[in-house]
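Q: Heads up: the sequence shown at position 74 corresponds to 74 in the working numbering, and the numbers run straight through without jumps.
If you're looking for bench data, these hints aren't it; they were derived computationally from the structure.
Careful: at least some of the hints might be erroneous.
[Said to hold, decoys possible] Pairs of lysine to any residue residues, derived as SDA-like cross-links and limited to a Cα-Cα distance of at most 20 Å, are as follows:
1) 30 to 62
2) 85 to 69
3) 30 to 52
4) 85 to 30
5) 30 to 46
6) 58 to 68
7) 85 to 54
8) 85 to 48
9) 30 to 82
10) 70 to 59
11) 85 to 50
12) 58 to 84
13) 58 to 31
14) 70 to 27
15) 58 to 39
16) 70 to 82
17) 85 to 38
18) 70 to 84
19) 58 to 76
20) 70 to 28
21) 58 to 47
22) 30 to 66
23) 30 to 80
24) 58 to 42
25) 58 to 72
26) 70 to 41
27) 30 to 55
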Amino acid sequence: MPPEVLCDCPIETDEHADTETVVTDPCGPKTDIWSLGVILLEVFTNVDLWEGLSNPQKIYRTVEFLNEGKHPFDFYTEEYSLQDKIK
1 MPPEVLCDCP IETDEHADTE TVVTDPCGPK TDIWSLGVIL LEVFTNVDLW
51 EGLSNPQKIY RTVEFLNEGK HPFDFYTEEY SLQDKIK
């Protein structure tokens, strides 16, 4: 295992997991950064981004913003009207 990878299994909750982790189970620094980003966005905005969504619904929403060519941060700030909260 490379030194930058501390484990070979995901340790995050489903709510904060990178959708790649849900689909193919890779684990590493990129998935950790995704999880941290989701957690920070939820903390700073006081919004649960994945509330009530199943794993397939989370994957669908991620594919939705990828198909629109939007950055995930922009997609969720527009989706939840968070522009004023994050200024």
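Q: Determine for every hint whether it applies to the structure shown.
A: Right, here's what the structure says about each hint:
no., hint, in the structure
1, 30 to 62, "holds (16 Å)"
2, 85 to 69, "violated (23 Å)"
3, 30 to 52, "violated (25 Å)"
4, 85 to 30, "violated (26 Å)"
5, 30 to 46, "violated (24 Å)"
6, 58 to 68, "holds (16 Å)"
7, 85 to 54, "violated (26 Å)"
8, 85 to 48, "holds (14 Å)"
9, 30 to 82, "violated (25 Å)"
10, 70 to 59, "holds (15 Å)"
11, 85 to 50, "holds (18 Å)"
12, 58 to 84, "violated (24 Å)"
13, 58 to 31, "holds (15 Å)"
14, 70 to 27, "violated (24 Å)"
15, 58 to 39, "holds (15 Å)"
16, 70 to 82, "holds (16 Å)"
17, 85 to 38, "holds (15 Å)"
18, 70 to 84, "holds (19 Å)"
19, 58 to 76, "holds (12 Å)"
20, 70 to 28, "violated (24 Å)"
21, 58 to 47, "holds (15 Å)"
22, 30 to 66, "holds (17 Å)"
23, 30 to 80, "violated (24 Å)"
24, 58 to 42, "holds (15 Å)"
25, 58 to 72, "holds (12 Å)"
26, 70 to 41, "holds (16 Å)"
27, 30 to 55, "holds (19 Å)"
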